[in-house]
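Peer 1: Residue numbers (this note's numbering), protein chains in the order written: chain A, 1 to 269; chain B, 1 to 576; chain C, 1 to 236.
Hints listed in this document are in silico derivations from the structure and should not be mistaken for laboratory results.
Keep in mind the model is a prediction, meaning the values are calculated, not measured.
Hints should not be assumed to be uniformly reliable.
To be verified - Cut-off 27 Å, straight-line C-alpha distance, at most; resulting in silico cross-link-like pairs (DSS-like, lysine-lysine):
| no. | chain 1 | residue 1 | chain 2 | residue 2 |
| --- | --- | --- | --- | --- |
| 1 | B | Lys553 | A | Lys88 |
| 2 | A | Lys39 | B | Lys101 |
| 3 | A | Lys88 | B | Lys532 |
| 4 | B | Lys101 | C | Lys32 |
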Amino acid sequence: MEAQLIHVFRNTPFGRETLLESSYFCKTLGVELVVYIPKTSKFLMYFENDVVQVDLDRSYLTSPASARDHAASIAQSAGLEPLFFEPKDFTASTLPDIPTHFDYMCCPRSIVDLSSKIGLGYIGPRVRRIVQNAPFPVYIPNPVFKQWKSLAVLFGGSANAVKAVRLGMTLRELSGYPLQIFTQLDGDDRAKYDKVIEERGIEEAFEKWTVFDSGKLKENLYEVPHDALVIMGAYGHGLIRQLAFGSKMELIQTVLPNSMLIVGPYCTV
Amino acid sequence: MPLKMTVPSLRLFLLRIIRHMDERLLLVIIAALVGVGGGLAAVILDRLLFGIHHALRAMQCRWYAFLLPACGAALSSFFLGYIMKEGAGHGVPEVIYSVCKRGGLLRLRSSFSRLISGALTIATGGSAGPEAPVVISGASVGSNIAKVFSLNDRQRVTMVGCGAASAISAIFNAPIAGMIFAVEVILGEWTPINLIPIAIASVIGTEVSRLVEGNHIRFSHHQFHASLLDIGAAVGIAVLAGLSSVLFTRLLNGTIRKSRDLVSPDWLRAAMGGACVGILGLFLASVLGEGYDVVSTVMANEYQSGLLLAALATLAKILATSITIGTGGSGGIFAPCLVFGSLGGLAYQRGLVFLWPSIPWAEGGFFAMLGMAAVMSGTLQAPLTGIFLIVEVTGSYEVVLPLILVSAVSATLCHYMEPVSFYYRDLVSQGQLLRPRTDGRLLADLNISELVERDCVVVDEDTSLREMIPVVRQSSRDYFPVEDSKTGNFLGLIRLDDIRPYLFNADLHDAVIMGEIMDVTVPRVSPFDDMKHVLDLMDQTHRWSLPVVQGNKFLGMVSKATILDRYRKELIVQTY
Amino acid sequence: MHYTIDEVSRLLHLPVSTVQRWIRQGNIPVYKHEGRYVFLKKGLRRWARSHGIVFTPESQEAAAKNPAGDDSLVSAMRIGGVLHGIRGNDASEVLKSVVEAAPIDPSIDRDALFVRLLEREELSTTGIGHGVAIPHPRSPLQDGPQEPSITTCFVETSVDYDAIDAVPVFVLFLMLSPSPKIHLRLLAKLSHLLRENTFVDFLKRKPLADDLLSKVDEMAAAMDSSAPSSRPNDAS
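Just chain A, same shape as in the assembly (with noise of 0.2 Å):
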């Protein structure tokens, strides 16, 4: 079956940054581009173990009669024929219910925001539980348009970094890309890494692996192409993990403006 993004547009000039950013991902990757257009400023998302209520900033709801028309060009401008998704269930009257069972879904860095926040740095905390929860891969992207031309991984040696790393091989394979990996030690012995890979029968992605065994992280991204898509895998565990700001999903975000593919716990690769 054909893969699916949903993508939540936004009829203003920042949205349509978004939206040729999801447009480039589709094409380049061979995937479905479904487009919802929100009529009211909330939904639902119900996931496994959890619902998340996504608020939308009121400019989402800007100008809804030419939304339509402007979120078709901008995908056929990208060679893309959208879909469009209407919701059919609703939990009340102006709560309308978005089906999980896509593949990808397109999130600003902050959903709730104003338009001054888009800055780097604040992933919004809908986001953050959509991550937490959603069994696809987040498309965070770039808040203006660029073409990324490769693909970097952030290997960080767990389960979801493992995640992370075979949708980068299947990334890939999708786009003719090329696959690099990035890893920063901290101190950490390079052998459990090498076991890690070893175990997981991962090794044929790492043929270009820069690992950072001295430096601050906050330096050493500056290694990672300006142009490439970066792929990562979020905090999966603890609790006090998640409450803490100094977690390495928020450092990398503040760092990189890339658009990104966060793979959460719940991700099936």
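We have chain A already, so just place chains B and C on it with the hints.
Peer 2: Below, chains B and C without anything else, positioned relative to chain A:
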């Protein structure tokens, strides 16, 4: 055992214990927790109502008292809509929707948001009851505790039922009614697995409320003595109550629909509704608030009014409740039903006395009680809940016989006139009332992507009949999809039945190509289509198999035979 | 001890996604072991029994799907052997001699076999033309052979077999198979060979076992390599 455990490792430790525990024991323990939660929710709302009411007492006698419900309703609507962003509905239908379709998942915010909004609406005089807010709070508590323990859908739904049961048990001090409400209205089924947890949750919820509020019967009274004549007359109450329940339901639905069209910002609509109720309340104080004091007065035979006033009060309460809830106030319909049921019963008794003054009719309180039972059973179309609730809140088991009679008659009468109760109306109209083991539920659980059969051999448009022969020989199916060789798009379907007569006709072997004889009118099905829609399509077009196509690409066939096989397996697996 | 999700879905003849959905909905008893879902064998069987769900444990299923037996023509003929100088004046006598001389498994009752062969002849002749006959029992034998065998029997003098083309029969292929499916497959291959005139002529020379088998091997290989192919539906 280590003395200090960090939060994550404590959670892992708990999870390990849970994994090895017997499922039933686990559910009992979690149900106890949920019972405490539901009980607390009821207690909190009760205290809030008391507190706000007390604080506003001074203002009740002023001229601007009629604005109080308006402010309360507006604040409640604003709070729910803008601060909590709840997207409010009545509450109970959401719980039922979640139970039917979403495995009992409810948002965490619902566990406290309705308590606040309900308190705001009711304590300021809005004509609604505290039950719906407390039911959705309890249900949400149950759902979220289930989430912490990573329970599966079936277990989570049981916990939602426990939450609802404990909430109702606590707010009415009526454990049996709580259990029966959870099963009759929320869950829709008794199963061995949920009997004990719900019972435990009800008991604990009641205990929590008794600890805080004390154990007393809400509407106590001295014993009623009813003669056979009274019981006979009770049938009349059932009919009248049934009719008034229908009136109430229709008025309520109508107000909800119409008011939305009339006034736009939610808070303004609520404010205007509140103002109307406030004005009504200036003339008839009994329409304000949840009205338990009115019921107590009636039951104790202290309500001073004749037939006309009682009847007027009944109708006024019906109107006020429809306005409050219909314009967006936050509250339930139990308490108002009790109020206008008792008033209506009183009016009936006054009527009987008026018509046949020589007969020693039972007191007003007796008929009021029957009126309450009849209205509850009729409006909710849940006779058991009605019977047990009235028995428990009045403590009068001695009159259970006429209670049973009127409840049954009223519920049945209402069902004939309004086939769907207020709680289920929206769900049924969208086809979302999916009780386990019903056709609708089974079809909703099955999905096409699980039933697609992918063993068809695909042919090109330009395949000749001759080239079909080895294809037919090797395939195990009767259908051959035709694809465009350049784009891979699905073009049409070849049925073996259609080509069989010609396969052995050598003259045609090179003269016929699949592209010209394929069926292009065959309806296509997408992997995300409704199963019901697919079956209807099969019935309409008299086909037993349909192609599943996504984005112009052929995925496989879906056949009625496979649907039957899976339908039966699904039914078996949902049965205990 | 444990079944995995894949194994359970195979046993129940259901896609993995259905089993996953049942796990989520709580319809099937399951445990988490090292982060993966597993099913205890005993628990699952109990659940299946109480719900009246049929599932065949692996061994039975494998046996049903792949009935024992290779359907290679050469190996069947090798097992059956090649006999020369069979005597008889008519079909029945020839068959009797064949049954007596053929290297049949001792567990098979020869008299019963003979009766079955005659039954089959009565239904319709197995003389398929050009002097070739393919006698076989009317229905698969009880306690039939584990592996298929084809016994090639050259008759001393051609007999009148009431064949389709009325040509007297000079060679019989006694076919014994464990199932009708295998019988049909072998028959299809054999008749394909027999369509070649060169092969029939070769047979008329009454070749010895080794020559015959190598010739059959050669022709069967040529047959396999020229088989037509078509595209199965590979959208997944």
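Peer 1: Hint by hint, note whether the structure agrees.
Peer 2: Going through the hints against the structure:
Of the supplied pair hints, the one linking Lys553 of chain B and Lys88 of chain A holds, its CA atoms being roughly 24 Å apart against a limit of 27 Å. A distance of roughly 23 Å separates the Cα atoms of Lys39 of chain A and Lys101 of chain B; the hinted pair therefore holds under the 27 Å criterion. Among the hinted pairs, Lys88 of chain A with Lys532 of chain B is consistent with the structure: their alpha-carbon atoms are about 14 Å apart, no more than 27 Å. Only pairs whose Cα atoms come within 27 Å are accepted, and Lys101 of chain B paired with Lys32 of chain C is accepted, the gap being roughly 25 Å.
Checked against the numbered hints above, the structure violates none of them.
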